[in-house]
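Chains as they are written, first to last, in this note's numbering: chain A, 39 to 437; chain B, 39 to 437.
No wet-lab data here; the hints were simulated from the structure.
Since the structure is predicted, the reported quantities are computational estimates derived from the model, not experimental observations.
A couple of the hints might just be wrong.
Any copy will do: because identical chains look the same in the list, a pair fits if it lies in one copy or spans two.
As the list claims (entries may be wrong) - As a list, the in silico DSS-like pairs of lysine-lysine whose alpha-carbon atoms are at most 27 Å apart: (1) Lys61 with Lys261; (2) Lys261 with Lys416; (3) Lys56 with Lys184.
Number of protein chains: 2
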Amino acid sequence: MAQVDTDRFLRDLNELRKIGEYKTGVHRPTFSPEDMESRHWLMERMRECGLEASIDGIGNVFGRHKGPGPHLLVGSHIESQNQAGWLDGALGVMAGVALARAGLPVDVVAFADEEGHYGSFIGSRSLIGLLEDSEIDTLTNRYHGKPLRQALKEAGLEGLPRPRLDPARYKGFFEMHIEQGTQLESQNLRAGVVTGIVAIWQFRIVIEGMQDHAGGTTMAERKDAGLTAVRMLARIDREFPMLCGPRTVWTCGRIALDPGAPSIIPGRAEVLFQFRDIDTEVLERLERCMRSVVQEMNRTERTVSTVEVMSRSKPAPCDPAMQAALAEAATKHANGQWQHMPSGAGHDAQYMARVMPAAMLFTPSINGISHHWAEDTKEEDLALNIRIMADAAEAFLRG
Amino acid sequence: MAQVDTDRFLRDLNELRKIGEYKTGVHRPTFSPEDMESRHWLMERMRECGLEASIDGIGNVFGRHKGPGPHLLVGSHIESQNQAGWLDGALGVMAGVALARAGLPVDVVAFADEEGHYGSFIGSRSLIGLLEDSEIDTLTNRYHGKPLRQALKEAGLEGLPRPRLDPARYKGFFEMHIEQGTQLESQNLRAGVVTGIVAIWQFRIVIEGMQDHAGGTTMAERKDAGLTAVRMLARIDREFPMLCGPRTVWTCGRIALDPGAPSIIPGRAEVLFQFRDIDTEVLERLERCMRSVVQEMNRTERTVSTVEVMSRSKPAPCDPAMQAALAEAATKHANGQWQHMPSGAGHDAQYMARVMPAAMLFTPSINGISHHWAEDTKEEDLALNIRIMADAAEAFLRG
Chain A
39 MAQVDTDRFL RDLNELRKIG EYKTGVHRPT FSPEDMESRH WLMERMRECG LEASIDGIGN
99 VFGRHKGPGP HLLVGSHIES QNQAGWLDGA LGVMAGVALA RAGLPVDVVA FADEEGHYGS
159 FIGSRSLIGL LEDSEIDTLT NRYHGKPLRQ ALKEAGLEGL PRPRLDPARY KGFFEMHIEQ
219 GTQLESQNLR AGVVTGIVAI WQFRIVIEGM QDHAGGTTMA ERKDAGLTAV RMLARIDREF
279 PMLCGPRTVW TCGRIALDPG APSIIPGRAE VLFQFRDIDT EVLERLERCM RSVVQEMNRT
339 ERTVSTVEVM SRSKPAPCDP AMQAALAEAA TKHANGQWQH MPSGAGHDAQ YMARVMPAAM
399 LFTPSINGIS HHWAEDTKEE DLALNIRIMA DAAEAFLRG
Chain B
39 MAQVDTDRFL RDLNELRKIG EYKTGVHRPT FSPEDMESRH WLMERMRECG LEASIDGIGN
99 VFGRHKGPGP HLLVGSHIES QNQAGWLDGA LGVMAGVALA RAGLPVDVVA FADEEGHYGS
159 FIGSRSLIGL LEDSEIDTLT NRYHGKPLRQ ALKEAGLEGL PRPRLDPARY KGFFEMHIEQ
219 GTQLESQNLR AGVVTGIVAI WQFRIVIEGM QDHAGGTTMA ERKDAGLTAV RMLARIDREF
279 PMLCGPRTVW TCGRIALDPG APSIIPGRAE VLFQFRDIDT EVLERLERCM RSVVQEMNRT
339 ERTVSTVEVM SRSKPAPCDP AMQAALAEAA TKHANGQWQH MPSGAGHDAQ YMARVMPAAM
399 LFTPSINGIS HHWAEDTKEE DLALNIRIMA DAAEAFLRG
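Based on the provided sequences and hints, a complete structural model is requested.
Structural data, given as C-alpha cells:
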C-alpha cells in the first residue's frame with residue numbers, strides 16, 4: 039500500500055495557512071495578492087514532488103504527473119471566502135499533493151474561484167470547456183465590482199491559455215473536503231463518503247418601488263421596495279416548508295435596500311435567494327412557488343418585482359466504484375465511524391463528474407462551522423482521512 | 039410692505055443648485071467639498087445683503103443683521119442627502135437671504151447636517167447648547183464611517199468656536215421647506231402652514247446568529263440572523279396598523295446582512311427602524327409593541343436580538359401667532375389654495391421651537407418626491423411662498 043506522510047500533509051496545510059492568515063483562518067479572496075501568493079506557493083510544492091506545475095488563463099493551478107498512467111485527478115480550490123477557514127478547499131488540494139508525494143500517479147489541481155468571488159465555478163468549468171470568453175468579459179467581483187478581466191490582468195494571468203482536460207487520461211477525480219455541517223460530528227463520526235452533490239438554484243430578485251422621504255409620505259402612498267422584500271421573504275418562509283424535500287435548504291444571503299438610509303423609504307431592493315436539493319423535481323416545485331409569491335407581490339404591492347436566474351446547477355451523483363473504494367478504506371481505518379451522505383454544498387467535483395467518474399470524501403467540521411475564520415477539523419481526523427483517500431485511490435487505480 | 043425680489047430669489051437658488059449638481063438635483067453630503075463650497079458661497083451672499091457672515095465649529099453658517107431689532111431668525115440647512123433634491127433645506131436658507139435682501143431685520147442661518155450624515159441635528163442642537171463635545175467625539179459618518187472630528191478638520195472647522203444663540207435677540211424663527219409629500223399637490227394647494235412637527239423615534243436592532251455555509255447546514259440547525267430580521271419586520275408589519283394613529287408612519291430604511299454573500303447564512307443582521315407621530319402616547323405604544331416583537335423573536339428564534347435607541351425626538355408644536363401671520367399672508371396671496379398641516383418630517387425648527395416661537399411654511403413637492411434628485415417645486419409656487427413668508431415675517435415683527 040502507498041505510504042502517505044500524514045505529518046508532512048499537516049505541515050503543508052499549516053504552512054499554507056500562513057498565507058493570508060486571518061485570526062485562526064485565512065483571507066484569500068480570488069486573485070487577491072494573498073490568493074496569488076498561495077497559487078505560486080502551491081506550484082513550488084507540486085514541483086517538489088515531481089509534478090510539472092503550471093497556471094492557466096483563469097487561474098487554475100495544475101500539477102501533471104510525468105510518469106505512465108492510469109492516472110487520477112485529485113484536487114479542490116485554494117482561494118477562500120472572505121475571512122474564512124483554513125481548510126475549505128485548501129484541504130482537497132493538499133490531499134492531492136500528499137497523494138503525489140506518496141508516489142501515486144495523480145495529477146493535482148486547484149480550481150480557480152470555486153468560492154464564487156467572480157462567477158460560478160469558473161475554474162472547473164473552464165477545464166471542461168463550459169466557460170466562454172464572452173462570459174469572462176461580463177463577470178465582475180461580487181463584493182467590490184472589479185471586472186474579472188482586470189483582476190486576471192493584475193494577477194498576471196492575462197493572455198495565458200485555458201487548456202481543456204483530457205478526460206481519457208483519468209480513471210477518476212477525487213476531492214477531499216470539510217463537511218461544512220454537523221452531520222458527522224453530531225453522530226461522533228470521523229469520515230463521510232459522499233453519495234452525490236445537491237444542485238444549487240440561485241436567483242436575484244429585484245424590487246422597484248419609489249424612493250421617498252420617510253416623514254412626508256403616508257403609509258397609504260408608499261411604494262416601499264424594502265417592505266415588499268420583507269413580505270415576499272416572509273411568504274416564502276411560510277410556503278417552502280410545505281413543498282421541500284427532507285434535506286432541502288433555502289437561504290437569503292443578502293437583502294440590499296437602496297439607498298439604505300434611516301429616513302428614506304427604499305426605492306429599490308435586491309434580494310439574493312437560493313435553494314439546494316438532490317432532486318430536480320423538488321427544485322422545480324420550489325422555483326414555481328417562489329415565482330408565484332413574486333407574482334402575488336406584483337398583484338398586491340405597489341412595487342414591481344422581477345426574478346433573474348443567477349445559476350441553476352445539476353445534481354451530481356458520485357461514481358459507485360469510487361464510493362466503494364472509499365467505503366472499503368474507511369471501514370479499514372475507521373470501522374463504524376463513517377457514513378455515506380449527500381453533499382449539501384456545491385463543489386468542483388460536480389463539474390468533474392460531467393466528464394469522468396468522481397467522488398468525494400468529507401472530514402468532520404468542528405461545530406459545523408464553515409465560511410468563517412473559526413472553521414476547523416481535528417488534526418487526527420485530517421490524518422485519518424488522508425489515509426482513507428490514499429488507500430481508496432490506490433485500490434481504485436488497481437481495480 | 040417689504041418688497042421681496044422673487045426673481046433674485048429664484049436666481050440665487052439656481053446658482054446654488056450648480057454646486058454639487060447631480061442630474062436635476064444635487065449631491066452635497068455634509069462636509070464634502072461640495073457642501074463646504076456651498077457654505078462659503080452662502081457667506082458671500084450674506085455679505086452681499088449686508089449681513090455679518092460667519093461659520094462655526096460644527097459648520098453652521100450664520101448671517102447676523104447689523105441693525106436694530108426686534109429680529110427674526112430665518113433659515114434651514116444647506117447640505118443634501120446623497121444624490122438628492124436641489125430645494126430641500128437650501129430653499130429655507132435662501133428664503134432667509136431673500137428676506138434679508140428685502141431689508142427685513144433677519145439673521146439667516148444654515149444649520150449643519152440636518153440630513154444626519156453624521157448625527158441627529160448636530161447643527162441646530164449645537165446652537166441651543168444641546169450638543170456636547172463628547173458626542174462629537176463619538177460620531178461617525180453613516181455611509182463611509184469617517185469620524186466627525188476628522189471631517190471637521192478636513193473641512194477647516196477644527197478649533198472654531200461653537201457659539202450659542204441668544205434667544206432674547208429674536209421674536210421667532212421661520213423655516214420654509216418643501217412638503218416632502220403629496221398632501222398639497224393632491225388637493226391642488228400651493229402652500230401649507232405647519233401646525234407642528236412630529237417626533238421621530240429611531241432604533242437600531244442588531245440580530246446575532248451564527249454564520250454558516252448555506253449548503254452544509256440543515257434548516258433545523260440554522261441560526262439565521264437574516265431570517266429573524268424578516269420574521270421580525272413581517273410581525274411589526276402586521277401589528278403596527280392596529281396600534282398606530284391616523285398619520286403615524288414607520289420605516290425600515292436598512293437591512294444589512296453580514297457577510298451578505300449568496301451562499302452564507304447571515305451570522306448578523308442590522309435593521310434601522312423608525313416611526314413618527316405627533317402624539318407621544320402613540321409613540322410609546324409603538325415602542326412597546328416593537329420591543330414585544332423583539333422579545334418574542336428571542337423566545338422563538340435561535341438568534342439574539344437587541345434594540346438600541348438611536349434617537350427619540352419630541353413633537354414640536356408651531357407658535358400660534360406665527361401660524362396666524364402665515365395664514366393671513368397665505369390668504370392674501372393664495373386664498374383657498376393653502377391649508378394647515380402637520381410636518382411628518384423632522385426639521386431644525388423643532389429645536390428652535392425649544393428656545394423661541396417657531397413656525398414653518400411648506401411648498402408643494404411635485405409628485406411628493408424628496409430625498410431623490412428628481413425632487414422639485416414649481417417656480418411660481420416658490421415665488422408665491424417667498425411672498426407669503428415675507429409678508430408674514432413683516433406682520434409678525436410689527437404685531
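Hints, one by one, checked against the model:
no.	hint	result
1	Lys61 with Lys261	between (44 Å within a copy, 22 Å between copies)
2	Lys261 with Lys416	between (52 Å within a copy, 24 Å between copies)
3	Lys56 with Lys184	within (26 Å within a copy, 31 Å between copies)
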